[in-house]
Structures are given as structure tokens and as C-alpha cells.
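Top line first, the protein sequences correspond to chains W and X.
Going by my numbering, 105 is the number at position 12 of the first sequence; the sequence numbering is gapless.
Going by my numbering, 1342 is the number at position 113 of the second sequence; the sequence numbering is gapless.
Since the hints were made in silico from the structure, they are not lab data.
Possibly wrong hints are sitting among the right ones.
Computed list of lysine-lysine pairs in DSS-like fashion (alpha-carbon distance at most 25 angstroms, straight line) [stated by the list, open to error]:
1) X:K1335 <-> W:K296
2) W:K422 <-> X:K1531
3) X:K1400 <-> X:K1531
Every value quoted in this text rests on a predicted model; they were computed, and no experiment measured them.
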Amino acid sequence: MKASHVSVPAWVTIGVVPVVNIAMALFLSGLIILLIGENPIDAVQLIFIGAFGYDEAIGYTLYYTTNFIFTGLAVAIAFHAMLFNIGGEGQAYIGGLGIGLAILAFDHTLPFWLMLPIMLSAGALFGAAWAFIPAWAQAYRGSHIVITTIMFNFIASALMVYLLVNVLVEPGNMSPETREFLPSGHLPFMHEVFAWFGIAITKSPLNISIFWALICCVLLWFYIWRTRWGYALRTVGHSERAAVYAGIRPQRVIVITMCISGALAGFVGINELAGVQHRLLLNFTAGYGFTGIAVSLMGRNHPLGIVLASLLFGILYQGGAELAFEMPKISREMVVTIQGLVILFSGALAYMSEPWVARAYTFVALGLTQQRAGEA
Amino acid sequence: MREFSSLIGVAALLVSVSSSNAADFKPAVVFDMGGKFDQSFNEGIFNGVEKFKKESGISYREFEVTNETQREQALRKMAQRGSDPIIGVGFAQAPALEIVAKEFPKQRFTLIDMVVDLPNVQSVVFKEHEGSFLVGMMAAMKSETGKVGFVGGMDIPLIRRFACGYEQGAKHANAKVEVIQNMTGNTPAAWNDPGRGSELAKGQFDRGVDVVFAAAGGTGSGVYQAAKDAGKFAIGVDSNQNHLHPGTMLTSMVKRVDVAAYNSFDTAHKGGWTPGIQVLGLAEGGVDYAMDEHNANLVSSKMRSAVDKAKADIIAGKLKVHDYMSDNSCSM
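The following block holds chain X by itself, in its conformation from the complex (with noise of 0.2 angstroms):
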């Protein structure tokens, strides 16, 4: 048992070391199972993170986890190296967080898509079925068929709130659209199938969808090589992914995680960065839908009017939109 005593005093010392550091600035991040180049949601992050190394030339520690019990433990030795601020990636990381930033309350943490309530955390969450519902309004309009679908990836809570954004919004421009649902699968690999996901697109393009949202992370590359192939329209998620196939991409329902990212960092950074619940929606520009140059043509002025009216009114509080996960269904 000596010698477990003598790595205590090794690791202690180790800690007492990083902790005279922390005065110079030292931010990390610990990207969740999908990976860092999952072009999709940790994607979203490492955008962000890296934008901020370029403007400030300081660079970050990053780990990507690969099972449940190492997400406690890469936060815990960010926070032992005097890390701060740590962004914490994805909703599955916040009990590990919870944990690490109370064993760590003077360095500060942040938490994208949940919530945590401790004094030294930021948490930052999305209001996905309002974006989801502004493209599924899209979708509608576009619809000549008055069928539109939905692929999601993984079968959780969070992809059937943006499903039932989507079919709200769908039905709010025409009460009469027709959805069609489908997941991709039951396992995290349904978050980067894209053979699967173009074999749900065409099935749902066979039955006369002719415009689908893809909420699948890499699968969706899959659902709009489909809807190119097929001469229908897609709608891509998260980042804005209207650049992949212009023409084919009718708009995409960003989710802004890259702001999120790099507020945490500008802001610890320069100072004012604050601790707290952070529910990004339409309102604080969190979630939106994506207009450029590649859609432009594709999205009539009259669509545009109304989909913005719509937006204009849920910010207003004027309109609700139902949140799956308030209840864990979709009944309107």
C-alpha cells in the first residue's frame, strides 16, 4: 500500500503544479462519442473552438471520448491541468459534469444541450422544435405531393422533438400535408449510416414525399444524395448544409453550437462570461433556418413571408410550439 500512498503525494503534486499555472488561459473542450468530425454536432463545437484559436492564436486541449465512463474521467483530468474554461459536448456528459465541476468550483464549465445548476456552470440549450418547425412550414409549401418526410438518426427523445417541430409546422402551413416519419436506427450508428439513410429517402420519395428533413447527422448526406438523385427536395440540420447539393437543398435548420462554443471561450477570454441556463430559441438567433445564395431561387418570396411571419409570432409568444421532450409526446 505504499506505494498507492507515494502516487497520492505524485498526483497531488501533479495538481498543486496545474493550479499555479491557471493564470494563463487555458480552454478545453471534451468532444462527445460521435467524434469531432461527425459534421454534425461536435462538428458544430470544433468550428467554434477553432475560430477562436485563429482570432486569438490560443490554442486548446481537446479529448474525444469513446465510452460512457471516460467522459467523467477526461473532464476530470482537464480540470486537474487547470483547464478553464471546459466545454462539455452534448446532453450524455452532463452527470459526468455535475460531478467533475463540484469536485472543481473555481474553474468555470460549460454545457451544450443541457442543463447542469451549479454555481461555476454555464449551460447552453436549444429550442430545436422552433427551427424545426419553421422548415417544416417550408417543406409544406414546397410540397406538391402535400407529402413531406422526415428521416431522424438515432431513435431518442431529442431527434423526435425536431421530428414533432417538423410535423407541427408542416401541418401549421397546410393542415391537410401528410408526414412521413422514419429512424434510422436504434444505435448510435444511425448517426452515420448514409446507405440506410438514402434507402429510407427514396422509400419515402416512392411514397410520393417530395421534400424530406434528414435530423441524422452524417446519415443525412445519404437522404439528400437521394433527394438529388430523385429530383426531390432536402432539408439539412445543424450546421448549414444548403452548400451540398444546391438546388436539391431547400434550407437547413441550423443549430447555432459553433456561437455557443465560442462565446464560452471569447467570453471567459476577454470577461463576462456568466454562469446559468442559457435556452437558445428563434428569439436569441439559437436556432434558425438558412437562406444564401445557394437556396435563393428555391424559396419563394411568398414562402419567406410566411415562414417569417411565423417566426416573428413564436418569438412574440403569439404561437406555441409543442416540445416533445416536456412531456415525452407529440399529441397536439
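Excised from the complex, chain W in its bound form (with noise of 0.2 angstroms):
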């Protein structure tokens, strides 16, 4: 067998096996679809003109990716310690409690220069402070990662709502928010800087906190696989024994990976509190925490990937949207249904097509490999 002296390249297992995965979700929904009575090749049209159609929809479609993005790098780096953290919803609450906390401490005062640190700080730190106790359990009590981080979303949740109900609420206001941020709380939207610079775009929630998600991609990346801690923290993801032989001590590198892991979700609040809603409200993280674990398998546990993933479900959560409003027969469960087919195919199933993929670069490489001999 001559097959196996065919390596198959990075760019096919990157590259094509994921768009394979896409595919064949979009083939199932697109039957779903039929089924119900409507046009498969219209509904993908509208969701692809609904996410990128005009520069409104660009902006709420990059809204979302820069949630996702926070989100998926948070599980990611705790993935490659092999910890589960499932409680990025959590930290992302918690976070964005800081966040919220910082902003009304001191907006009165201070400017938006001096906000923005401290705003990326108290996020940072309540996030990971929410993912120290799990951490701190799992490295020196055994406790395992994906029960307590599960437990501290419901806790997350709880604290948050006695919080807003009875402490934080505005006096008068219906519904459990805080008073709405001053003007140096507030991350400048990109019509806004857009306009600084003359050019006119329709209004979105888009801010500047997609640049802050790239550059943690960035830092992420130089942290994994380019600084001895990264090299710490693959080592006791790849076996805990040889970590321990080598010097590394896991309980440290499990507590360090976790904070970062929750500091990361905990920027989803600068996103959506300091970005979007100029208040602190409840259930802003709307599962974005949940859906950065489809993100980050999908993406492969690598920023670049996440990016790529992130994009995507923004694609799907903004196309899906419009989806739904163009089309009356497509009910918002009907949009679940189609994100969910594409978790489950580039997620829980993204290995099985590689196989295949595979085979049929290695059919056609040897194919081509041979009609070269042929030739010369």
C-alpha cells in the first residue's frame, strides 16, 4: 500500500475538513427546511445578506464574534491544560459584575482613559477570582473542574440576580438594572470612530472591544506557544506525570491557566456592559459562555481558529436573526435547530469526516503523484 507514504498536509485537516463539516450541516438543515415548506437556497441567502448584506448587519454580526471570541479563548487555554470549563458563563457574569462595579465607582471622577484600564482590570480579576475556587478545588482537592464550574454558573447567577434585586437596582426602575454608566463609562461604538474619521456607517452595537478580542487572541497565541508558562501548561494538558517529572509543579499551572481562562470570559462584560448596554443588567451573557465551547473545538483550540469559528457563529447568530424575520415559517427554534446542526457537525462530530477527507486527498494526490511518473 502505497497510501500510506502520503502525508496529508496541514491545510486539508484545517482547512477543508471543517468547510466539509459545515457543509453537511447546511445539507441536514436545508432538508429540514424543505420540509417545512420553505426554499433551502433562499434561506441560506438571507442568512449570509442578513450577516453581511449592509454595514448594520456587518456591525451586529461582529458584535457577536468579539463575545465568542472572548468566550472560545477562554475555554481554549484551559483546554490545552486538559481542563474542562464549562463555567465561562459564569465567569463572564461574575466579570462583568466588576466591570459594572468599576464603572460606577468611578465615572463620576475619572476619564475615559483612565476608565478603560480599570474597567479591563476588574474584569480580568473577578473573572478569574470566579475561576480561582474551582481551580484552587480541582489542583489541590481533586474536585473535578466540570462539576464545580457547572455549580458556579447557578451560583454566578443567583449572587447576581440578590445582587441586582435588592442592592445594585436603580431606586424606581422596573426592571433589576443598575443606573446607566456615564459617558467616560462608555466604549466608543464604531460608528463613532468611524465618524471621527469622516466616514458615515449605520449605527450598531459594534465597539472597540473587537480590537481588545484580537489583540488577546494575539497575546494567547504568544502565551500558549511561545513563553516557558505556555510550555508548562501544554506539558500538563499532554500528561500530568511527565509534568511532574520534568519539574512543573500542575497545581500551579491548573490554578494560573483557570484564572486566565475566567479573566478572558470576564471580558465579555466590557463587550456588552461597557460597550452596548451602559449598564449592569441581568443575564447579559446569554449563553455565549456555552457557545465558546462550540467555538473553541470547533476552532480547534487555536485563536486563529476561534477567530474563524467565531465569525461564524456571529454569521449564525445575526443571519439567523434575520432569517427568522424574513421568513415567518422559520421560527426562532428553527434557527436553534440550524446552529445546533452545525455545533454538532464541526464539534461533536468533527472528526468523523476526516477520515474521509482525508482519503479522498490521499485517492487524489496519489492519483496525481502517478500521472506525473506516467508523464516523465
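Got two chains here, each in a separate frame; can you build the complex from them with the hints?
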């Protein structure tokens, strides 16, 4: 068998396999859409026009993308140490609490350029603190991190409701929300940034936090693959015993990794609260922490893959809403089904199509080499 | 950047096309997170607009939001398509509706369950504490153990307003009554958790409760089932739920969001739609307790006359029901 001599290059596993997976998911979604009596080609078109067709849509798509990058990165770094952080939702929630408290405390006195580092540190600190407790319990007491982080999601949500309903609520406000942040606590919207340069784009929730998300991607890539700590982290992920043998203390690595993970999740609050809502409110995390797991899986736990996967989920969120708007027969549950299929094929069944794609590649590659051999 | 400006051109064109069609009647509704089939608040709105559709033959545009930011997006999109009037469902849509209503001053908006003060906005709010007061009285009079229960949905001020009114009503009927309260949860999942609702109700029955009021959306169905299984009484909420378990459902605290939604479309269509605040309490028929053939023999004439007297007193202003949301406390 000569086939074993042809190695499958990285661009096939990283580039082609995900595209095949998404194509399968869309095909199955198309069948379902056909079943309820709508045209699947039109539906796919509506999703893409809805996500990219006009500048407001692009703004919304990228705004969702920003959240997914933060939570996707949070899951990814933990995954490299073989820690399954299901607590992104709670860490984002508590990170947002930190951001909200910081802004409420200082927006009267400090200007924006001083507020920005304070917000970022507060979000990172609170998110990290919320991840620290399960991390410590995992590292030193052996409590399983999946169970503890899930439970911490519930504790976070209970804590936030208590605080917002009883303590932080703006007096006289019907819904449990704090007062609106003063302008020094607002991140500039992209339409405002563009306006400084004299370019008019339509209002959308997209704000400058997307730049911070991209910076985080680069920083994380550098941390995991270019630093001593990242090396220790990957070693623990591959084999804890080997790490101990190499003089690495896995307990410390687990705690540090989870704290970074929690800090990244906490930045969702930067986009949502300082960027868009301009107040602290309930449920602003809206499931982004959980979707981050799928984003990270689909992005193969690599920052570049996560950016692409986040963009795909941004498209599905924004284009999906547009689809529900344009096709009355397609309810929001249908949209969730399509999103679920994409997650299923790109996340859970990610490796299902890999052997087929590899075989197809080998077949084509072999054919070409034989052809060339024949010509020569 | 050329793409951007050309896209703006396209968008502007779309807007101008839609506003030139604004002559036809194109109503729209933006449902909130619960979804239009939540068996409760959103579904009440849905029933109201469906009734309008059936009577007039005019269909409406609709959207169900799935996260916070979609509210403003959906309302704006409706407005851009020239929809008029546009119903915003639920207090949480108020900030978004305020922004969009300012951008489209010529179109009419109706907001249900919250107030936005703009010349093109009609705000409809309800005095849930008044309706809860009446069913609280009824619960206390029906109870043989002197203990009545309350199961709330998500722990938010609005639900505490229900609980507070209920407690006042129960104490008004029987000063010695004990009111046991539970909230189902702290997340929106609490609106649709019948299993937990059932457990909470059973817990209250074990402590001696024999009438329970559920203000918990879809969670209520578990509460009612538990009451039926244990041979106790339950009180429904929002829509008339008496028919669910005849013999178990003592009454329902109805909140006529369906009427509010129907009226918005109907008056906008026929003329007579007015902006401003409508506060619908007992006097306006916005809230009430429900009587029909399903609960007729559960409610004695003595109970009815006492409740009707309190209702008349509240309408006349002789009896004041404290509103939890006026000071975020239920101290009486």
C-alpha cells in the first residue's frame, strides 16, 4: 500500500475538514427547511445577506463575534491544560459585575482613558477570581472541574440576581438594572470611531472591544506557544506525570491557567456592558459562555481557528435572526436547530469526516503523482 | 469604504420604499424572550393580535427576540419596513422602544407593561397588586388550615408585586393567616420549570398550605398538577386558567394583556388610537379574578360577596393596596 506514504498536509485538516463539516450541517438543515415548505437556497442566502448584506448587519455580526472570541479563548486555554472549563458563563457574568462596579464607582470622577484600564482589570480580576475557586479545588482537593464550574454558573446567577434585585437596582426602575453609566464609562461605538474619520456608517452595537478581542488572541497565542509558562501548561495537558518529572508543579499551572481562562471570559462584560448596554443588568451573558465551548472545539483550540469559528457563529446569530424575520415559517426554534446542527457537525462530530477527507486527498494526490510519473 | 457608502444608499432606498407604502395598514409585534407560546404573558399578546387578525383579515409582522440586543434591532427593523403600530411586549423592551420611537416619530408604538413617555408611544401598565389582593382574599377564605402559599417565577420586583398584593389580600380576609412564599429561581429558566414548581408546591402542602397561587409563567402547570394530585386548591395567573383542572383551580388572577394588544391594533386601524399612559387596574378591567363554570361551585357566595366588596372599595379608593414596586418593599 503506497497510500500510507502520502501524508495529509495541515491545510486539509485545518481548512478543508471544517468546510466539509459545515457543508454537511447546512445540507441537513436544508432538508429540514424543505420539509417545512420553504426554499433552503433562499434561506441560506438570507442568512448571508442578513449577516453581511449591509453595514448595520456587519456591525451586529462582528459584535456577536467579539463575545464568542472572548469565551472561545477562555475555553481553549483551559483545554490546552486538559481542563474542561464549562464555567465561562458564570465567569463572564461575575467579570461583568466587576466591570459594572468599577464603572459605577469611578465614572463620576475619572476620564475615559483612565477608566479603560480600570474596567479591563476589574473584569479580568473578577472573572479570574470566579475561576480560581474551582481551580483551587481541582488542583489541591481533586474536585472535578467540570462539576464545580457548572455549579459556579448557578451560584453566579443567583448572586447576580440577589445583588441586582436587592442592592444595585436603580431606585424606581421596574427592571433589576443599575443606573446608566456616565459617558466616561462607555466604550466608543464603531460608528462613532468611523465618524471621527468622517466616514458615516449605520448605528450598530459593534464597539472597539473587538480590537481588544483580537489583541487577546495574539497575546494568548504568544503565551501558549512562545513562553515557558505556556510550555508548562501544554506539558500538564499532555501528561501530568511527565510534567511532575520535568519539575513542573501541575497544581500551580492549573490555578494559573484557570485564572487566565476566567479573566478572558470576564471580558464579555467589556463588550456587553461598557460597549453596548451601558448599565449592569441580568443575563447579559445570554449563553455566550456555553457557545464558547463549541467555538473553541470548532476552532481546534487555536486563536486563529477561534476567530474564524466566532465569525461563523456571529453569522449564524445575526443571519439567523434575519432569517426568522424574513421567513415567518422559520421560527426561532428552527434557527436554534440550524445552529445546533452546525455545532454537532463541527464540534461533536468534528473528526467524523476527517478519514474520508484524508482518503479523498490521498486518492487525488496519488493519482497526480502517478500521472506525473507516467508523463516522465 | 466605498462599499459602506453604497450600502447606505441601498438601505436608504429600502427605507424610502417602505415609507411610501405606509398607506396600507401594517401592524407588527415584537415578542420578548419567553416566546409567543409561553402559556402566559407573551401568549396573551399573541392571542390578542391573532384575534385582530381573524376579525379584520389583516396579517401582522412578528419577531421573537432571543437576546438583549435584538430588541432594539427588531423594533427598528419593523419601523424601517413601515410597520404601524408596533407593539413592544414587556418592560424589558422599554429602553429599546424609547430609542426607536424617537427615530421614527411618525409611526405609532404601543408598549405593554412599562411606560415610555413620548408623543408617539402608548404605554399600557397593569396594577397586578390589586388583582393579586383579590385572589389572596379568596385563598385565605378557602383555606381550612389558615396557611396559603405563593409560588413565584423568577425573583424580580414585578413578581414580588404579585406576592405582596396576595399577602395583603390574604391578611385582609383573615388577619391570622400565614403566607408561605417561594420563588422558583433566579434565572429566566424559572419561567418554565414545571418540575421545580411541583416540588415547591408539594413542600408548601407538607407545611400545611391548602391553597397555592402561582405567578410563574409555564412553571405554574407543575404547581397546578401538584395541587390536583394532593387534593389542594390552586390559583392561576395572567390568562384564565380555570379550565386546566376543574375542581382544583379555585380562580385565576387575569391580566388582560390580550385586550391591550387587540385594542392597540384595533384602534389604530379604525381610528381612536391615542398615545400616553394607560394604567389598567380593577377599575379599568385590566386585572380581575376569573369566575366561570369550572370554578362556580368552589367559590361560595360568601367569598364572592366579600371579594366583590373589596373590589368595589379598591375601585372607590377606600381600600389601598400597597404596591411593592413603589418603594421596593412590602412593609405594611
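Hint check results:
no.: 1; hint: X:K1335 <-> W:K296; verdict: 20 angstroms, holds
no.: 2; hint: W:K422 <-> X:K1531; verdict: 50 angstroms, violated
no.: 3; hint: X:K1400 <-> X:K1531; verdict: 17 angstroms, holds
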